[in-house]
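Chain A is fixed; fit chain B onto it per the hints.
Those protein sequences? They're chains A and B, same order as listed.
For the first sequence, our numbering begins at 1 and goes up steadily by one.
For the second sequence, our numbering begins at 1 and goes up steadily by one.
Treat the hints as calculated values from the structure; they're not laboratory data.
Please note that a few of the clues may not be correct.
As the list claims (entries may be wrong) - To give an idea of the interface, some chain B residues facing chain A are shown, with a C-beta separation under 8 Å as derived from the structure: (1) Leu52; (2) Ala73; (3) Phe81; (4) His89; (5) Pro99; (6) Pro103; (7) Ala255.
C-beta: ideal position from N, C-alpha, C; glycine also.
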Amino acid sequence: MSGHSVTEPSNRQKWISGLLVITYAVITIMPLLWIIATGFKSPEDAISYPPKVVFEPSVEGYVNLFTARTRVTPSMEETLPPPDTWYEQIARESGTVIVGPSRYGQRFLNSVIIGFGSTFLSIFFGTLAAYAFSRFRVPIKDDLLFFILSTRMMPPIAVAIPIFLMFRQLGLNDTHLGMILLYTAVNLSLSVWLLKGFIDEIPLEYEEAALIDGYTRFQAFYKVVLPQAATGIASTAIFCLIFAWNEYAFAVLLTSGTAQTAPPFIPTIIGVGGKDWPAVAAGATLFLIPVMIFTILLRKHLLRGITFGAVRK
Amino acid sequence: MAEVSLQNLSKSFGDQVALKDVNLTIPDGSFVVLLGPTGAGKTTTLRMIAGLDKPSSGMVLINGQDVANQSPAERNTAMVFQQYSLYPHLSVRQNLAFPLKSPMLRTPDNEITRKVDEVAEVLQISHKLDNKATELSGGEMQRVSIGRALVRSPQIYLMDEPLSSLDAKLRSDLRIELKRIQASLGATMLYVTHDQIEAMTMATHVGVLNQGKLVQFASPREIYENPVSVYAASRLGSPKINILPAELFPNAPNAATQIGLRPEHIRIGEGQAARVGRVERLGDQTRLHLKLGENDLITLTDAHTEFAKGDTLKIAPQSPLYFDVSGDRIQ
Numbered sequence: 001m002s003g004h005s006v007t008e009p010s011n012r013q014k015w016i017s018g019l020l021v022i023t024y025a026v027i028t029i030m031p032l033l034w035i036i037a038t039g040f041k042s043p044e045d046a047i048s049y050p051p052k053v054v055f056e057p058s059v060e061g062y063v064n065l066f067t068a069r070t071r072v073t074p075s076m077e078e079t080l081p082p083p084d085t086w087y088e089q090i091a092r093e094s095g096t097v098i099v100g101p102s103r104y105g106q107r108f109l110n111s112v113i114i115g116f117g118s119t120f121l122s123i124f125f126g127t128l129a130a131y132a133f134s135r136f137r138v139p140i141k142d143d144l145l146f147f148i149l150s151t152r153m154m155p156p157i158a159v160a161i162p163i164f165l166m167f168r169q170l171g172l173n174d175t176h177l178g179m180i181l182l183y184t185a186v187n188l189s190l191s192v193w194l195l196k197g198f199i200d201e202i203p204l205e206y207e208e209a210a211l212i213d214g215y216t217r218f219q220a221f222y223k224v225v226l227p228q229a230a231t232g233i234a235s236t237a238i239f240c241l242i243f244a245w246n247e248y249a250f251a252v253l254l255t256s257g258t259a260q261t262a263p264p265f266i267p268t269i270i271g272v273g274g275k276d277w278p279a280v281a282a283g284a285t286l287f288l289i290p291v292m293i294f295t296i297l298l299r300k301h302l303l304r305g306i307t308f309g310a311v312r313k
Numbered sequence: 001m002a003e004v005s006l007q008n009l010s011k012s013f014g015d016q017v018a019l020k021d022v023n024l025t026i027p028d029g030s031f032v033v034l035l036g037p038t039g040a041g042k043t044t045t046l047r048m049i050a051g052l053d054k055p056s057s058g059m060v061l062i063n064g065q066d067v068a069n070q071s072p073a074e075r076n077t078a079m080v081f082q083q084y085s086l087y088p089h090l091s092v093r094q095n096l097a098f099p100l101k102s103p104m105l106r107t108p109d110n111e112i113t114r115k116v117d118e119v120a121e122v123l124q125i126s127h128k129l130d131n132k133a134t135e136l137s138g139g140e141m142q143r144v145s146i147g148r149a150l151v152r153s154p155q156i157y158l159m160d161e162p163l164s165s166l167d168a169k170l171r172s173d174l175r176i177e178l179k180r181i182q183a184s185l186g187a188t189m190l191y192v193t194h195d196q197i198e199a200m201t202m203a204t205h206v207g208v209l210n211q212g213k214l215v216q217f218a219s220p221r222e223i224y225e226n227p228v229s230v231y232a233a234s235r236l237g238s239p240k241i242n243i244l245p246a247e248l249f250p251n252a253p254n255a256a257t258q259i260g261l262r263p264e265h266i267r268i269g270e271g272q273a274a275r276v277g278r279v280e281r282l283g284d285q286t287r288l289h290l291k292l293g294e295n296d297l298i299t300l301t302d303a304h305t306e307f308a309k310g311d312t313l314k315i316a317p318q319s320p321l322y323f324d325v326s327g328d329r330i331q
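So that you can see chain A by itself, here it is in the shape it has in the complex (with noise of 0.2 Å):
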């Protein structure tokens, strides 16, 4: 027998599983770094072949995915005043001259509302929702949350041309409450079940203290449940986020100027002057950031085991 237990892994199986998690990391986050490098090349680094693993960085795709442009002839160019800014000058080079800002800004703006919109109105009314199943005697509550949970079992696009006709009837095409009620409408099922399972680990003694305490009921959601189902309506809210961060479907169909969001407009990019991979890849870049910002926020939350050992079991 080699002296290693049970539960304790053995060096050659430390190896393994190291070396089984190192693949999948690379693999996965390879494309990332992909696109991160083509947001930094020039539009011809971009695109030649074998691919530049080394290249000199430019900015030139976020100055064009900021800014609209034109294309300008040497002769045109010879009679503008020299460039005043370095953005100015970096289109400049590539023979284009900036005539404002493009709608980059607006629409990341847009997904910003809608995303974090939505997630909070998934996030709120799923914790209701979840408290009342997992506390009250709800009638056919099981029959209930089956139907729930049965509206996530076929893909939400299936229903897009009744939700598209329905929403051109009520005006919420191109609205961003449309969409936030839209993406709240297809986490909501999502946020109740996973809440309800977070909710239902919290005993019960807890609020019967409060209520006893002095408090009303509410008082008792508010000032004792709440704060241990953080962890859950964290994890949650993740999910909620990135589904509505990242949804690209509904967007196109639902949406086409004010309320449009980033995903959809994202690939239109690649129209203005020729094949600009750098800006594509520069607004998906930019595009990945709130998300990691949200989710290493919350992250803390994610460590499960902070309500666990005040009750005796």
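Quick look at chain B alone, frame taken from chain A:
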């Protein structure tokens, strides 16, 4: 503080009867202990007084007022749960201050600090006030839980086996401390336990529950000396009362089928012959485990007894208790 009275209180969970027609008055300022094994209905009684469960029938009166329509907060009771249930997201200080900050009490901040410090002092947890509730040992958690009740001045304190998870030393310290606090506050206390020493030492009244029924309600001394049934007699006393067939000794009343003998109510030196099976020397006294025919019994004798295993001695009952075939006492 208040008088709490239960009138024909019953509670069923589905087919299961947890409490049946309990009538009980907890006088103002008394320390009432409910005794009974698991499932006797002790915790159910507390929960209905607190307002956490609704009675199936019957009434709870606090100071003569029916509280059926009052929320737990409005009833103004303090409860210590068997599971300590501290709020895990709060510090010890915040846990103790929690009831004082409630919308029912709205205590000013300096008053909160004073009361929390005072209670922490009594329960010897002052040095842990800034710890998270989850960073305490089991005994400390239970003390904080008791403290959360003691910071208030409720109508009645309800305690559900508050000392059961503590070690012996702390338990006996806190037993004395709780009794002292209760007496000095003049607090009304309803206390659930299955520890008969707690019942004997702390209670002004003991209620004995058996399968949801209150079988006897009296002072601990009265229950010890005058139990109404075999069941009530077996609740108090350590070692337990010896229950033997009545015909083992002469002079039993006609209807008696069982005789109850407290260990100290056995006279040694005359009567029936019994064999010594085991000798337990406790220091201040000695327990003799005897065999009388087919029956085992325990008696007490002085610390320096000469009896040893295998000896034969003669025993006779002294102030015996007789019970009929259904276990009821024959006076």
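Quick rundown of the hints versus the structure:
1. For Leu52(B), the interface hint holds, the least distance from its beta-carbon to any beta-carbon of chain A being 5 Å, beneath 8 Å.
2. Annotation: Ala73(B) was flagged as interfacial toward chain A, and the flag holds, the nearest CB pair being 5 Å apart, inside 8 Å.
3. With its C-beta approaching chain A no nearer than about 6 Å, Phe81(B) sits inside the 8 Å limit, and its interface hint holds.
4. For His89(B), the suggested interface contact is upheld, since its CB lies about 4 Å from the closest CB of chain A, less than 8 Å.
5. The restraint placing Pro99(B) at the interface with chain A holds, with a minimum CB-CB distance near 4 Å, inside the 8 Å limit.
6. The interface hint given for Pro103(B) is met, as the beta carbon of that residue sits about 7 Å from the closest beta carbon of chain A, less than 8 Å.
7. Here the hint on Ala255(B) is broken, as its CB sits about 47 Å from the closest CB of chain A, past 8 Å.
The earlier numbered hint that this structure contradicts is number 7, and it is the only one.
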